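Line order of the protein sequences matches chains A and B.
Per our numbering: the first sequence = residues 1 to 113.
Per our numbering: the second sequence = residues 1 to 115.
Because the hints were derived from the structure by calculation, they are not lab data.
A hint or two may mislead.
Each computed DSS-like pair below joins lysine-lysine, with the alpha-carbon atoms no more than 30 Å apart [to be verified]:
1) A:Lys-58 / B:Lys-42
2) A:Lys-69 / B:Lys-103
3) A:Lys-68 / B:Lys-78
4) A:Lys-69 / B:Lys-42
5) B:Lys-57 / B:Lys-103
6) A:Lys-69 / B:Lys-78
Computed Cβ-Cβ distance ranges for the label pairs, DEER-style [what the hints assert, rightly or not]:
7) A:Ser-12 / B:Ile-54: 39 to 47 Å
8) A:Asn-41 / B:Asp-62: 38 to 46 Å
9) B:Leu-115 / A:Leu-20: 38 to 46 Å
10) B:Ser-73 / A:Glu-15: 37 to 45 Å
11) B:Asp-71 / A:Lys-69: 28 to 36 Å
Small disclaimer: the values here were computed from a predicted structure and weren't measured.
We treat Cβ as the ideally placed atom computed from N, Cα and C, and that holds for glycine.
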Amino acid sequence: AQSVTQLGSHVSVSEGALVLLRCNYSSSVPPYLFWYVQYPNQGLQLLLKYTSAATLVKGINGFEAEFKKSETSFHLTKPSAHMSDAAEYFCAVSDQTGNQFYFGTGTSLTVIP
Amino acid sequence: EPEVTQTPSHQVTQMGQEVILRCVPISNHLYFYWYRQILGQKVEFLVSFYNNEISEKSEIFDDQFSVERPDGSNFTLKIRSTKLEDSAMYFCASRDGHLTNEKLFFGSGTQLSVL
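Looking at chain A on its own, in the form it has when it is part of the complex (with noise of 0.2 Å):
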């Protein structure tokens, strides 16, 4: 069985501050993860993936994760973030068949000017 927790539902960080999103996973085997971004009013959008290459994974935008097997952690972060990095954000890990992604509950960014 598969599943990911996401912790902090909201989180909201100055214009230019660290983001750090918190995503913690499930998986009986080895797990392909994913962080997905959405925007107001449109679907989601893929960020980066992690599928058992390299540990840390640079995606659009700036933002990175690093995937820490003995954590079992994959946490989303931006050096500094931006007004148009508002959004909700969606960490998913799917097995290795890829026929099904489990999503986590998801975390809203606010960015403060």
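Based on the hints, put chain B in the right spot on chain A.
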């Protein structure tokens, strides 16, 4: 970038009515999915579809739900007799090919409101 298109963006229906949510996946994609998100809750897997048949479905996807790819371009989700608890945002997604790490492309969703 190619897009998955969903129509309508918002559908209102009476309890007990049938609804059909429509999706046009990306044209060369082979795997199709429906997910839903009840307000304030996580995005939940409903069903996956490949080679004109359901490959996997969740417990949510009971006999009231069905999917179809009627014409090679559309991918529809039908709810035969809607219930209040079916109110949610429904997302269609598709992915390419046989690599299991191919990313999902999501549509912008259909907000279903059951009154």
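Hints violated by the structure (numbers, ascending): Hints 3, 6, 8 and 11 are the ones this structure does not satisfy, whereas the remaining hints hold.
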